[in-house]
Amino acid sequence: MFHEAGFWVAVSFVLFFVFFGRKVWAPITTILDSRAARIRQELDESAQLRREAEQMLEDATREREQALVEAKSMVEQSLQHAAELAEKARAEAEAAVQRHEQMARDRIAAVERAAIKEVRQAAIDVAVEAARGVLGQSLDQQKAEALVDQAIANLPTALARHAA
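End of the sequence shown sits at 172 in my numbering; the numbers just go up one at a time, nothing left out.
No lab work stands behind these hints, which were simulated from the structure alone. Treat each hint with caution, since some may be false.
What the hints assert, rightly or not - Distance windows between CB atoms, simulated:
hint, residue 1, residue 2, range
1, 150, 128, 44 to 54 angstroms
2, 32, 57, 50 to 60 angstroms
3, 108, 145, 49 to 59 angstroms
4, 109, 74, 44 to 54 angstroms
5, 171, 138, 24 to 34 angstroms
6, 169, 101, 21 to 31 angstroms
7, 107, 142, 19 to 29 angstroms
8, 140, 169, 36 to 46 angstroms
9, 159, 137, 15 to 25 angstroms
10, 121, 82, 53 to 63 angstroms
11, 63, 101, 55 to 65 angstroms
12, 121, 99, 31 to 41 angstroms
Glycine included, every Cβ here is placed at the ideal spot set by N, Cα and C.
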């Protein structure tokens, strides 16, 4: 065993680490510890970034849902407002039509009254002319005077009946 090279390599390796192990091991452990700390820090940062990204995703999702709710509300309000405006316009149109109908009826009634008045006046004029013609032909002077005297005598009675 003392004549084998592997044995002496192992002994020299152990002796090397016994004499120089602390001097070599300290920088190696320092390097490894700093690397482990850096990796741990990067993992912590990535975990923090992941949490922030998840929080941002949740916030964006919540804002999107809120925006959808607000948009639906605005659409519903717009539809309701449009329906109210349409109903108001329909009611105003109906009122305008009714006003125009009433104005037309009033004009028709006024025209009817004027026509009736004209017809009555024409009838009165025709009746008066006819009465003159008939009385002028059928009455002589004495009968006409007797009728006038009788009408004058009956005038107070006729006026009293007409007034009552």
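Hint says 53 to 63 angstroms; check whether the CB-CB distance for residue 121 and residue 82 agrees. Holds, since residue 121 and residue 82 (Cβ atoms, about 57 angstroms apart) stay within the stated range.
If I claimed the Cβ atoms of residue 150 and residue 128 lie 44 to 54 angstroms apart, would that claim hold in this structure? Cβ of residue 150 to Cβ of residue 128: about 34 angstroms, so the range 44 to 54 angstroms is violated.
Quick check on a hinted range of 15 to 25 angstroms for residue 159 and residue 137, using CB atoms only. holds, 19 angstroms
Holds or violated: 31 to 41 angstroms for the Cβ distance of residue 121 and residue 99? holds, 33 angstroms
Quick check: does the Cβ-Cβ distance between residue 171 and residue 138 fall within 24 to 34 angstroms? holds, 29 angstroms
Can you tell me whether the CB distance of residue 107 to residue 142 sits inside 19 to 29 angstroms? Taking Cβ atoms as reference, residue 107 and residue 142 lie about 52 angstroms apart, which means the hint is violated.
Lying within 49 to 59 angstroms: is that true of the beta-carbon distance residue 108 to residue 145? holds, 55 angstroms
Is it true that residue 140 and residue 169 lie within 36 to 46 angstroms of each other by Cβ? violated, 25 angstroms
Are residue 169 and residue 101 spaced within 21 to 31 angstroms by their CB atoms? violated, 55 angstroms
Does the Cβ-Cβ separation between residue 32 and residue 57 fall within 50 to 60 angstroms? Distance hint for residue 32, residue 57 is violated at roughly 37 angstroms.
CB of residue 109 to CB of residue 74, is that within 44 to 54 angstroms? holds, 52 angstroms
Distance restraint evaluation - residue 63, residue 101, Cβ atoms, bounds 55 to 65 angstroms: holds, 56 angstroms
In this structure, the hints that do not hold are numbers 1, 2, 6, 7 and 8, in rising order.
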